[in-house]
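Using the sequences and the hints, build the whole thing.
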Amino acid sequence: MNELDQWFTATILPHDTALVRYLHRAWRNTAEIPDLCQEIYIRIYQSAARRKPDSPKSFLFATARNLLADRARHESVVMIDYMHDPDALGVLRDDLSPEHQHEAREDLIRIAAAFDRLPESFREIIWLRRVEGLSQKEVARRLDIKEGTVESRLGRALLALSHSIAENVTEPACGEHLEEHEA
Amino acid sequence: MNRIANEEAAARWLARRNSGHWSSGDEAEFTAWLESSIAHRMAYLQLHSLWERTAGLKALAHDSGRGVVPRAGVLLTRATQRVTRSEDSSRETDSSPRWRQPRYTRAIAAGVTTLALVAALLTFSLSRGDRYVTAIGATQTVSLQDGSQVTLNTDTSLRVELTDAERRIQLSRGEAFFSVAPNKQRPFVVEIDGKRVTAVGTQFSVRKLENDIMVVVAEGVVRVELKDHRDATLGTGDTARSNVAGISVTRGQDAAELLSWREGWIRFDNIALSDAVAELNRYTPRQIRIRDSSLDNLHLSGKFRTNNIESFLELLEKGFSVSVQQQDEDIVLSKR
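Chains as they are written, first to last, in numbering that gives the first Met the number 0: chain A, 0 to 182; chain B, 0 to 335.
Errors might be hidden in some of the hints.
Taking lysine to any residue pairs in the SDA-like style, the calculated list, with each CA pair at most 20 Å apart, reads [to be verified]:
1) A:Lys136 / B:Val67
2) A:Lys145 / B:Ser18
3) B:Lys57 / A:Ser120
4) B:Lys317 / A:Ala9
5) B:Lys57 / A:Lys145
Worth flagging that the hints you see were computed from the coordinates, not collected in a lab.
Written out as structure tokens, the structure is:
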């Protein structure tokens, strides 16, 4: 990973959930959202290769809004909500540490929830490799399968985990429920 | 669709890169793939970030045991409980201790009894007592023949010698907690480089530092004696630390908190990052190093699992402006 990759991972990707939520609110055709995300990320990355934005989160949502506006111009069907203001959705709050910490917890909850939804064999492979820290070889021995099978299963398991997270971002994270109860 | 194909390719590359088999040919092919399209790169970065974040699941491993994959629904419950708990950590008491007596403890205890019998049959002592050693990150509780119990903390080595006149422990490394069976005729003595910590019937811990020792008394009365016979008497809740000037005693401490390592916890109360790191490093072979001296001023509080350094690092990254990087086997902290 080069320096720009690291910047992108540390600065832009943590807002993934907020971005997907914004797109769900602002764009009717939810099937297009993964592609929109991809397009937004590409724009951000290319722009940051020239010059990194001063406030990445604002830049991310400005880019999202611009893309939606571009798309809407080319669509024959007019999207009523496309200009939905990210500010109005409260996604542009500053990254003060309490919110930051909350996001980290929320992220863990999201991953845990997505993990729970995976089929047994995917849960198993992620657990052994990532939580118990076994090597591919050790996992192969334990499950009595070929190393190549472990490798391809791990790849598919990660992809499934990623999709499982993406499909459920519109549901509030459980942390939010909890905080309401605790208040 | 293009995006889906890219994601699948990214997943294959990620799994391959972490497979333990990665040739220079793979590297060249991967780089070519990554460079050929920015969409490839985006797909890879997203999946790579998720791969990194799945390490956070370690915080939810609890004591389910190795090789036991949690059933569907279990992790989410744990994750949400963890939110409740971390927001309420001040009055947290964990009702189920993390460590259970390892299966071999009983075998060792049985072995101790057998050894003691053999020793009694022989009229002379062939060995100088029994030796107990724990690995880094491990704890172990041993029942002694006199009814006392010893809990060894991480990376600890001690020798037990029970005679009619005295129960003697030689602590050559690390830290141990002693729950001493009362017996006025046979004092219980812990020796560290000529320093002696003596008890009759009580609960206390002794930790060997480079040149000094640290004693925490959970219950009863304990006497600390240096080589030059200077001494101090400690009661419940007292802690003592030997140093060049003698023995410094602090009264009225929360001994249970100071001894929470027995349940697998470590507690920091507004201590410097460097001290917290030194403490955590005792529990893991992977060492944390601080690269920026400007971080020395950072003070933190909190309660962490000794077997879960990740949650500590996660807090540093998310809550403070500290960047955490893996360097070979070590973890390097620098200012972000």
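Status of each hint after checking the structure:
1. A:Lys136 / B:Val67: holds, 18 Å
2. A:Lys145 / B:Ser18: Distance of about 12 Å is within 20 Å: holds.
3. B:Lys57 / A:Ser120: Holds, because 18 Å separates the two Cα atoms, which is no more than 20 Å.
4. B:Lys317 / A:Ala9: Holds: Lys317 (chain B) and Ala9 (chain A) sit about 11 Å apart, inside 20 Å.
5. B:Lys57 / A:Lys145: violated, 26 Å
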